[in-house]
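Protein chains: 2
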Amino acid sequence: MEKPPGGKPWINIISPKIAPPSLKDNTADVDRLIKGIKKTLQAERINVEFSLAKTLPQTLKHYNYNVDAAVFENPNGWHLIDVFSAQKETRIYGLAVDLGSSTVVTRLVELKSHELTDETSFHNPQVQIGTDILTRIHFAAQDGGLEKLQTLLVERLNREIHRLAEKHHIERRSIVGLSVAGNTTMTHLFLGLDPYWICREPYIPVVNKPDRIRSKALGLEINPEAPVLVFPNVGSYFGGDLIAGILASGMMDRQAPSILVDVGTNAEVVVGNSDWLMACAGAAGPALEGGVAHMGMMAGPGVIDHVRIGPQPDPFTIKTIDNKPPVGICGSGLIDLVAELFLAGMIDERGKYVRKKCGPRLRVIDDIHHLVIVPPEDSKTGHALTLSQPDIDALMRSKAAMYTILTTLTNTVNVPLHEVNRFFIAGTFGSFIDPQSAITLGMLPDLPLKAYIPLGNTSLEGAAMALLSAEAKEKIFHIRDQTTYLELNVNQDFMNAFSAAKFIPHTDRALFPSVKVRAS
Amino acid sequence: MEKPPGGKPWINIISPKIAPPSLKDNTADVDRLIKGIKKTLQAERINVEFSLAKTLPQTLKHYNYNVDAAVFENPNGWHLIDVFSAQKETRIYGLAVDLGSSTVVTRLVELKSHELTDETSFHNPQVQIGTDILTRIHFAAQDGGLEKLQTLLVERLNREIHRLAEKHHIERRSIVGLSVAGNTTMTHLFLGLDPYWICREPYIPVVNKPDRIRSKALGLEINPEAPVLVFPNVGSYFGGDLIAGILASGMMDRQAPSILVDVGTNAEVVVGNSDWLMACAGAAGPALEGGVAHMGMMAGPGVIDHVRIGPQPDPFTIKTIDNKPPVGICGSGLIDLVAELFLAGMIDERGKYVRKKCGPRLRVIDDIHHLVIVPPEDSKTGHALTLSQPDIDALMRSKAAMYTILTTLTNTVNVPLHEVNRFFIAGTFGSFIDPQSAITLGMLPDLPLKAYIPLGNTSLEGAAMALLSAEAKEKIFHIRDQTTYLELNVNQDFMNAFSAAKFIPHTDRALFPSVKVRAS
Numbered sequence: 000m001e002k003p004p005g006g007k008p009w010i011n012i013i014s015p016k017i018a019p020p021s022l023k024d025n026t027a028d029v030d031r032l033i034k035g036i037k038k039t040l041q042a043e044r045i046n047v048e049f050s051l052a053k054t055l056p057q058t059l060k061h062y063n064y065n066v067d068a069a070v071f072e073n074p075n076g077w078h079l080i081d082v083f084s085a086q087k088e089t090r091i092y093g094l095a096v097d098l099g100s101s102t103v104v105t106r107l108v109e110l111k112s113h114e115l116t117d118e119t120s121f122h123n124p125q126v127q128i129g130t131d132i133l134t135r136i137h138f139a140a141q142d143g144g145l146e147k148l149q150t151l152l153v154e155r156l157n158r159e160i161h162r163l164a165e166k167h168h169i170e171r172r173s174i175v176g177l178s179v180a181g182n183t184t185m186t187h188l189f190l191g192l193d194p195y196w197i198c199r200e201p202y203i204p205v206v207n208k209p210d211r212i213r214s215k216a217l218g219l220e221i222n223p224e225a226p227v228l229v230f231p232n233v234g235s236y237f238g239g240d241l242i243a244g245i246l247a248s249g250m251m252d253r254q255a256p257s258i259l260v261d262v263g264t265n266a267e268v269v270v271g272n273s274d275w276l277m278a279c280a281g282a283a284g285p286a287l288e289g290g291v292a293h294m295g296m297m298a299g300p301g302v303i304d305h306v307r308i309g310p311q312p313d314p315f316t317i318k319t320i321d322n323k324p325p326v327g328i329c330g331s332g333l334i335d336l337v338a339e340l341f342l343a344g345m346i347d348e349r350g351k352y353v354r355k356k357c358g359p360r361l362r363v364i365d366d367i368h369h370l371v372i373v374p375p376e377d378s379k380t381g382h383a384l385t386l387s388q389p390d391i392d393a394l395m396r397s398k399a400a401m402y403t404i405l406t407t408l409t410n411t412v413n414v415p416l417h418e419v420n421r422f423f424i425a426g427t428f429g430s431f432i433d434p435q436s437a438i439t440l441g442m443l444p445d446l447p448l449k450a451y452i453p454l455g456n457t458s459l460e461g462a463a464m465a466l467l468s469a470e471a472k473e474k475i476f477h478i479r480d481q482t483t484y485l486e487l488n489v490n491q492d493f494m495n496a497f498s499a500a501k502f503i504p505h506t507d508r509a510l511f512p513s514v515k516v517r518a519s
Numbered sequence: 000m001e002k003p004p005g006g007k008p009w010i011n012i013i014s015p016k017i018a019p020p021s022l023k024d025n026t027a028d029v030d031r032l033i034k035g036i037k038k039t040l041q042a043e044r045i046n047v048e049f050s051l052a053k054t055l056p057q058t059l060k061h062y063n064y065n066v067d068a069a070v071f072e073n074p075n076g077w078h079l080i081d082v083f084s085a086q087k088e089t090r091i092y093g094l095a096v097d098l099g100s101s102t103v104v105t106r107l108v109e110l111k112s113h114e115l116t117d118e119t120s121f122h123n124p125q126v127q128i129g130t131d132i133l134t135r136i137h138f139a140a141q142d143g144g145l146e147k148l149q150t151l152l153v154e155r156l157n158r159e160i161h162r163l164a165e166k167h168h169i170e171r172r173s174i175v176g177l178s179v180a181g182n183t184t185m186t187h188l189f190l191g192l193d194p195y196w197i198c199r200e201p202y203i204p205v206v207n208k209p210d211r212i213r214s215k216a217l218g219l220e221i222n223p224e225a226p227v228l229v230f231p232n233v234g235s236y237f238g239g240d241l242i243a244g245i246l247a248s249g250m251m252d253r254q255a256p257s258i259l260v261d262v263g264t265n266a267e268v269v270v271g272n273s274d275w276l277m278a279c280a281g282a283a284g285p286a287l288e289g290g291v292a293h294m295g296m297m298a299g300p301g302v303i304d305h306v307r308i309g310p311q312p313d314p315f316t317i318k319t320i321d322n323k324p325p326v327g328i329c330g331s332g333l334i335d336l337v338a339e340l341f342l343a344g345m346i347d348e349r350g351k352y353v354r355k356k357c358g359p360r361l362r363v364i365d366d367i368h369h370l371v372i373v374p375p376e377d378s379k380t381g382h383a384l385t386l387s388q389p390d391i392d393a394l395m396r397s398k399a400a401m402y403t404i405l406t407t408l409t410n411t412v413n414v415p416l417h418e419v420n421r422f423f424i425a426g427t428f429g430s431f432i433d434p435q436s437a438i439t440l441g442m443l444p445d446l447p448l449k450a451y452i453p454l455g456n457t458s459l460e461g462a463a464m465a466l467l468s469a470e471a472k473e474k475i476f477h478i479r480d481q482t483t484y485l486e487l488n489v490n491q492d493f494m495n496a497f498s499a500a501k502f503i504p505h506t507d508r509a510l511f512p513s514v515k516v517r518a519s
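Protein chains in written order, with numbering that gives the first Met the number 0: chain A, 0 to 519; chain B, 0 to 519.
A few of these clues could be false.
Since the list can't tell identical chains apart, any single copy or any two copies may satisfy a pair.
Each computed DMTMM-like pair below joins lysine to aspartate or glutamate, with the alpha-carbon atoms no more than 25 Å apart [to be verified]:
#: 1; residue 1: Lys37; residue 2: Glu473
#: 2; residue 1: Lys111; residue 2: Glu48
#: 3; residue 1: Lys356; residue 2: Asp193
#: 4; residue 1: Lys87; residue 2: Glu114
#: 5; residue 1: Lys515; residue 2: Asp433
#: 6; residue 1: Lys60; residue 2: Asp142
Derived by calculation from the structure, the hints in this document are not laboratory data.
Quantities reported herein were computed from a predicted structural model and do not represent experimental measurements.
Produce the entire structure from the sequences given, and follow the hints as far as they go.
Structure follows, in C-alpha cells:
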C-alpha cells in the first residue's frame, strides 16, 4: 500500500477564533461561529445544516467558544460538520470502506496526521440473502427486500464502527467523514436505491453520481453530519470500485497507456492514459477466484498459493498461505499449478492430461481424470487434494476469456499490447498471482515481468485516497467522465479469438515468445 | 395590498426536455433529469437531495419522462424540489406566512401566474401557553416545553394547509415553497430553536440567518423538499417581521429618508433610505392595541374605529366596524376619541377631563372619573361604554413614548422630521388609524397628511414578495445587513423628552402648528 497522498484535504479541521458574545457584539451563536470559520478559511460562505444549527449554541457554550471545527468542501462550498473542544490532542477520523459483495473492508484514518489507525474486514451480511449480485437484485424487488438488504449492511457496518471506536477509545462523533467504493449494485443496496433496472434493459442505475449524502440519512452511527462520499459509477457494469482502482493505480496521470485488471467473477479491464480511458467487463468465469475447482477456495491459511514442479515431478513443491498444511487451492495457486503442469508436459496445449507424463498420480474417479496434487497423508483434511480435467477445462475457458477481453479492448483502441508498460493487477488475486505463470498459460500478455504491478485492494486504497485529498476526490469524477464503457459484442470475431486463446499459451505461439516448454 | 413584484423568481417551474433511457444512452435516471434541467436553466450544476434522488426513477417512469420540474436557487446554486406531470394545467403553489404571536396569517399563491389563491388567518395556538412572548420563552425552558410550543404551531399550520389543499383541490406536494416572517422569538419557536438567551444578557438569538431548511425538517405537510425561507433577524428585538415590513414599504429603495412604524405591544420604528437603516423598539404600552382601556379591544365587528365630536357634543358621531351596534373601541378609535375630546375641550392639555365641558356625561365610579361614550340603550352590551381617566392616562403615556422614540431615533441619525416625506404605518393599527387624530394627540409628528401611508400587514406582504421574487429575497438579507439596531438608552434625556411629550399635542406647541383647538 502506498501512503495516501498529501495535498489539500476536503475534510478539514480548523481552529477558528471566536469571541464569546457580549452586549457589544450580540451576533447570534451560529452566525458568530460562521464568521470565525469564514475568516479562518478565507471562504465567502459557510453552510450549516439546519439540524446542526439547532445544537450549536449549547456546544459552543459548553466549550466556552473555544472550539475546533470540522468542515468539508464540495462544489457548493464549505460546510460545517461539527465542533470539538479545541485541544491539541483532539483526534478526528475518517473511515474508508471497500464495499465488496462478499467482503467489506474498512480503514480508519486520523484526518490531521493521515495516520492509519486500523484496518478491519467482515463478511458482507447480504451473503445470507444470496452470494451473487443477481439474487440480491431480485430479492430487493420483494416487499421490504431492499430495506432488508440495506439494513443488514448498515447494521453490520455500525457494529464495526462501534467496535473500532471502543478499541481505539474514540467518540463515534469524531468520525467526521466516510468514503465508500463498491460496484454499482452494492452501492445501490448500501444507499437503499432500487437496483431493479441495473440488470434489465436498458440497464440504467438510479444515479451515476450519488451526492449530498450525510451519514444520518443512512443511519450510520458516526457523526450525523459527516459527509458520505460514495464513488460514482459509469453504468450498471462499471462501478465505483473500479473508479477507485483507476485512482489507486494512477494510470489516469500517465501519458503512456497502462492496463488495469480486476479479476473477480467478472474480469474487469481498463486501458488508458491521461487523455482517455476505455473499460470493459466480461465473465471470465469464477475459476480465477478459486470458486470452481473441486479443491478451489478463497485465499486463506493453508490454501495453496504457489506450486513448482521440478525436473523430478514427485513431489510437487507446494507453498501454502501461512505455511499451514494444505486444505485447498486459490486462483493464483491454480494458475501456478496448471502453468507448471504444462511446463512439465503433464498437460498438453489444449489443457488435457498427458497420461504417460502424469503416471500413477492420475486417477479415474467416476470416469473423470483426477490428478493427485497433495496425497491424503500430507493434506490437512486427510483426503487427497486433486485437480480434475473439468477443473482445468474451466480454467482454460477463464484464461481464454481474460486474454480475449484484453485483446479485444486493446484492439478497439488501437493500442498494441507491447506498448503497454504498466499492467496493474488489482485485488487479492493480483497480490498472489505469479505473472510468469499467467503468461505461461496465455492468460496475460507476454510483457516483461516488471510491467506487472500488483496493487492489492485498490477499491479500499482509492476510497482512502479520496477521503484524504481534495485532488483525489476531484479525480474520481474526472475518471468517471473520461471513462468510456465498451459493451463487449460477443460476435463471431470474439468467438474466434476466444477459441484461439483456448490453447496454452495460445494458438499463435509467436504472441508468447517467452514461454518455453521445459519437458518434451 | 400591492400586487407582488414581477422579476426573476427563485422558485421556478421549468419544462426540461428529457429523452427516455435506451441502450444507446444508459445515463442513470437522476443524472438524466439533472442533465435536462441544467440545459433548460443554463446552469452549471443542479443539486438533488439524496432523499429525493431515491424516489425520482419511479416518478420519472410514471410520467414517462415527460415532466415539469420545480427548482429553486440559493447562494449554493440550483436545487431540485420535485417533478410533476408536464401538463398545461399543472398549478404549483407557494405559501407566505406571517407568524404573529397572536395571529398567524397565510397567503397561498400560484407560482407561475402569481395569482393570489387564498388568504386565511388563525389564532396562534401558542396563546394557550401564554399570551405574551416572555411566558413562552420561560415555558420553552421546561422539559419538553420547546417541542410542545413548536408542535402546537406546526400542527395548527398543517391543519390550515390541509384545509387550503382540500378547498382548492390541490395536492399538498404541489406547494413547493414556504416563506415565513415573524419576530425573533416566534421564528425560534417555529424552528424549534432554543429562545433562552433571547431575553437574557447578552440577548443573543441562536441564529441570525436561518438557512438550509426544507419543509420536512419542520414536519410541515407540504412538499417535503420545499425550501423554507425564514426571514433573518438583526437581533433578539428586531425580527424578520420588521425586515418584511421594510421590504414591503420599499423604503430601502428610496433616496429620501422614510419612517416605518409598526405598533403592537412594542412600538417598532425604522428610519432610513437606500444607504442606511436605523431601527429601535420600545414599550409604547398596550393602549394603542386597545389592550388597556376598559372598553378597549382588538378591531372587529361593532368595535368603534372612528369618533367625531361636533360643535354640539351630544351625541358623539360614532362609526363602528361593519356598522354593527357598538361593543367597545380599538386603538385607532381610542386615538380618534381622545383627539376629539381634546379638540372639543373636554380634556385639557394634560389629558385630564374638564368637568364643566363634559357635563352629565362625566360620572364618578369608585372615585374614578368615567366619561360615557355610548349610553346603555345604544350599546350592544346593554351597558354604557365609558372611558375612564386612567384609560386616558395610559394612552397619554403610550403616545408620549411613541413620539419620544420617534424623535430620539431621528435625532440620533440627524434627520429632521420635516424631511421625512414618507411615513409608513404597518399593521391593523395602521389601516384604521386617522393620522390627523394621531397628530392632534402629538403621537405622530405634524407632517402633511399625504406623507402617512398605511401598509396593512407588511409582515405577510414582505413574506409574499420574498416568496415570489429572487430580487426581493436578496433584499431581505441586504436589509438585515444594513440595519443598525439602536438600543434605546432610557436616560435623563429620554425621560425629559418623554415628559415633554406627555402633553397634547406637546409642551412645545410649535412642533404641531397644524393642531388648533376648536373649543375655547
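Hints versus structure:
In this assembly of identical chains, the alpha carbons of lysine 37 and glutamate 473 lie at most 25 Å apart whether taken from the same copy (23 Å) or from different copies (20 Å). When the C-alpha separation of lysine 111 and glutamate 48 is checked against a cutoff of 25 Å, the pair qualifies only within one copy, where the shortest distance is 24 Å, while the shortest distance between copies is 29 Å. For the homomeric pair lysine 356 and aspartate 193, neither the shortest alpha-carbon distance inside one copy (55 Å) nor that between copies (85 Å) is at most 25 Å. For the homomeric pair lysine 87 and glutamate 114, the shortest alpha-carbon distance inside one copy (16 Å) is at most 25 Å, but the shortest distance between copies (59 Å) is not.
Taking the closest pair of Cα atoms, lysine 515 and aspartate 433 come within 25 Å of each other only inside a single copy of the chain (16 Å); across copies the shortest separation is 110 Å, beyond that limit. Taking the closest pair of Cα atoms, lysine 60 and aspartate 142 come within 25 Å of each other only across two copies (20 Å); inside a single copy the shortest separation is 47 Å, beyond that limit.
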